[in-house]
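K.L.:
Spelled out, the chains give:
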Amino acid sequence: MTQPNPIIDIRGLNKHFGDFQALSQVDLSVETGEKVVICGPSGSGKSTLIRCINCLEDYSSGSLIVNGVKLSEDNRDIRVVRMEVGMVFQQFNLFPHLTVLGNLTIGMVRVRKMSRTDAEERARHYLERVHIPEQADKYPEQLSGGQQQRVAIARALCMEPKIMLFDEPTSALDPEMINEVLDVMTELAATGMTMICVTHEMGFARRVADKMVFMEGGSIEEIAPPEVFFSKPESARCRMFLDRILVH
Amino acid sequence: MNSRPVSILLYLVVMWLIVQLAVNGAASMGYNWQWYRIPQYILAQTDNGIQPGELVTGLVRTVDLTVRSFLLAVALGLVVALLRLSSLVIGVAVATGFLEFIRNLPLLVLLYLIYYVCGPVFGLDRYTASIVCLAVYHSVLISEIFRAGILAVSAGQWEAAQSIGMSRAQSYCYIILPQSIRFVLPPLTGEAVHLIKSSAIVSVIAVAELTTMGRNIISDTFMSFEVWLTVAAIYLVMTLMLSIFVTRLERKFSVASR
Ligand SMILES: Nc1ncnc2c1ncn2[C@@H]1O[C@H](COP(=O)(O)OP(=O)(O)OP(=O)(O)O)[C@@H](O)[C@H]1O
Ligand SMILES: [Mg+2]
Numbered sequence: 000m001t002q003p004n005p006i007i008d009i010r011g012l013n014k015h016f017g018d019f020q021a022l023s024q025v026d027l028s029v030e031t032g033e034k035v036v037i038c039g040p041s042g043s044g045k046s047t048l049i050r051c052i053n054c055l056e057d058y059s060s061g062s063l064i065v066n067g068v069k070l071s072e073d074n075r076d077i078r079v080v081r082m083e084v085g086m087v088f089q090q091f092n093l094f095p096h097l098t099v100l101g102n103l104t105i106g107m108v109r110v111r112k113m114s115r116t117d118a119e120e121r122a123r124h125y126l127e128r129v130h131i132p133e134q135a136d137k138y139p140e141q142l143s144g145g146q147q148q149r150v151a152i153a154r155a156l157c158m159e160p161k162i163m164l165f166d167e168p169t170s171a172l173d174p175e176m177i178n179e180v181l182d183v184m185t186e187l188a189a190t191g192m193t194m195i196c197v198t199h200e201m202g203f204a205r206r207v208a209d210k211m212v213f214m215e216g217g218s219i220e221e222i223a224p225p226e227v228f229f230s231k232p233e234s235a236r237c238r239m240f241l242d243r244i245l246v247h
Numbered sequence: 000m001n002s003r004p005v006s007i008l009l010y011l012v013v014m015w016l017i018v019q020l021a022v023n024g025a026a027s028m029g030y031n032w033q034w035y036r037i038p039q040y041i042l043a044q045t046d047n048g049i050q051p052g053e054l055v056t057g058l059v060r061t062v063d064l065t066v067r068s069f070l071l072a073v074a075l076g077l078v079v080a081l082l083r084l085s086s087l088v089i090g091v092a093v094a095t096g097f098l099e100f101i102r103n104l105p106l107l108v109l110l111y112l113i114y115y116v117c118g119p120v121f122g123l124d125r126y127t128a129s130i131v132c133l134a135v136y137h138s139v140l141i142s143e144i145f146r147a148g149i150l151a152v153s154a155g156q157w158e159a160a161q162s163i164g165m166s167r168a169q170s171y172c173y174i175i176l177p178q179s180i181r182f183v184l185p186p187l188t189g190e191a192v193h194l195i196k197s198s199a200i201v202s203v204i205a206v207a208e209l210t211t212m213g214r215n216i217i218s219d220t221f222m223s224f225e226v227w228l229t230v231a232a233i234y235l236v237m238t239l240m241l242s243i244f245v246t247r248l249e250r251k252f253s254v255a256s257r
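If you read the sequences in order, they're chains A and B. Per numbering that gives the first Met the number 0, the first sequence runs over residues 0 to 247. Per numbering that gives the first Met the number 0, the second sequence runs over residues 0 to 257.
Since the hints were derived computationally from the structure, they do not count as laboratory data. Hints are not guaranteed to be accurate.
A few chain A residues that don't get close to chain B, going by computed Cβ distances all over 12 Å [what the hints assert, rightly or not]:
hint, residue
1, P5
2, N53
3, G67
4, E83
5, G85
6, Q89
7, H96
8, A155
9, I177
10, D209
11, S218
If you want a taste of the chain A side facing chain B, the calculated C-beta under 7 Å gives, among others [stated by the list, open to error]:
hint, residue
12, R78
13, R81
14, M86
15, N92
16, F94
17, M158
18, L187
Heads up, the beta-carbon is just placed ideally off N, CA and C, and yes, glycines get one too.
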């Protein structure tokens with residue numbers, strides 16, 4: 000089934016690290032507003048794939064179109080795309096030398112060239128959205144992991160991206176903090192944001208995903224809507240993987 | 000915790016032994032001590048009232064020379080470090096060539112090269128040539144300090160900066176370098192101590208700094224023991240003060256970095 004005018008269109012994507020092939024012939028298209036959850040065993044290329052979408056990795060061959068821009072070596076295009084794509088990392092990667100407010104405003108002020116007052120206003124708005132308006136003047140190290148990750152989400156949202164990428168946003172968190180982050184992500188999904196999440200939180204996936212992707216050994220083994228994906232996946236490997244993680 | 004008093008005590012003992020050695024040695028060769036003549040070279044009593052003596056004038060020159068070359072060395076060192084870390088093939092080649100060239104020359108030869116060869120070509124006076132020489136020489140080590148400080152910032156910080164659309168220059172300016180400072184500042188101050196000491200070498204091209212002043216006084220008065228001991232003491236006070244500052248700084252940053 001071909002979908003009209005996808006916001007992300009990946010065709011035959013290959014990625015090599017030296018001799019090692021991390022991605023092979025990956026095809027994936029994502030509609031505006033669609034929520035895609037990617038899962039798969041460690042080393043299967045999930046991070047590599049979403050890092051390619053944000054140009055944090057370059058790819059070896061194939062084609063990758065994000066928001067109508069074909070990603071290539073051209074530096075200017077890359078920055079145009081990055082401003083439309085927000086990314087949330089497993090390790091939060093907040094800027095430790097800046098306060099929460101500083102973390103949120105620096106991109107708006109330096110990249111979007113907004114005035115400081117406008118930037119702060121928007122920053123406070125998004126802190127409200129991730130339910131930590133009172134932490135604005137703290138430094139990242141003074142926050143819990145869950146709060147840090149929510150700051151990271153707010154930082155990405157402040158750039159008002161069209162697409163949000165999440166790379167295992169909850170796997171560095173203590174169990175009691177996972178839900179506060181997933182709740183924020185669920186609320187974000189409800190606003191119609193286009194999202195690609197690498198996660199093994201299958202409860203979240205069932206609730207939010209429009210499309211489930213299973214990766215193994217650098218290629219996509221299965222793409223299906225969650226109802227199909229969780230009940231009768233075609234690939235045997237995918238079934239084994241699901242059995243393993245759903246038991247726990 | 001009581002290693003500090005012990006090391007100060009040890010230091011005083013060693014200094015005392017050196018002084019004893021000098022005094023005894025001087026006595027055995029019949030040296031005529033004239034310490035009373037030294038103060039006039041520090042603060043001179045003239046018709047216009049009290050004026051800085053020659054040694055103090057030299058000290059001011061040394062400080063001026065050190066500060067200027069240090070600032071230039073830091074700027075140059077940062078540029079070299081950024082070039083080496085850049086993805087520009089030419090940048091890396093230029094930086095590496097510069098490093099290898101400077102690193103493998105004796106400081107004295109570098110000074111002669113800059114004063115006698117570059118000096119006439121670019122019209123550098125001896126003071127400027129000295130500043131350039133010291134700056135170039137020390138920029139090599141300073142660039143290593145910056146390089147290490149920049150690499151000490153985790154790769155995740157680069158990725159986060161890029162993911163909010165920052166260019167390489169913006170990432171350096173707002174994210175990476177501000178975080179490198181705490182790795183860089185203590186060794187950088189250490190390098191300033193080193194620079195004060197190597198500044199004495201410019202006395203060979205007769206820049207009127209502390210060491211040159213000392214030599215001039217001796218050629219007039221033949222008081223080599225008194226003058227060199229005084230000059231050494233002045234350098235020592237300067238470098239010790241900076242070193243204590245470095246230790247403070249290191250302690251502060253190691254606490255702050257946890
Ligand atoms: N910079 C790199 N250099 C060399 N190999 C790499 C690099 N980054 C990733 N790889 C390799 O590519 C493969 C895919 O890595 P990737 O990080 O995309 O896996 P993943 O699916 O995200 O795994 P995980 O669940 O552990 O995060 C792995 O085998 C990894 O060793
Ligand atoms: Mg990963």
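K.L.:
Against this structure, judge whether each hint is valid.
P.N.:
Tested hints:
no. : hint : verdict
1   : P5   : holds, 21 Å
2   : N53  : violated, 6 Å
3   : G67  : holds, 17 Å
4   : E83  : violated, 9 Å
5   : G85  : violated, 7 Å
6   : Q89  : violated, 9 Å
7   : H96  : violated, 5 Å
8   : A155 : violated, 7 Å
9   : I177 : holds, 20 Å
10  : D209 : holds, 24 Å
11  : S218 : holds, 24 Å
12  : R78  : holds, 6 Å
13  : R81  : holds, 5 Å
14  : M86  : holds, 4 Å
15  : N92  : holds, 4 Å
16  : F94  : holds, 6 Å
17  : M158 : holds, 6 Å
18  : L187 : violated, 16 Å
In summary, the structure is inconsistent with hints 2, 4, 5, 6, 7, 8, 18 from the numbered list given earlier, while agreeing with the others.
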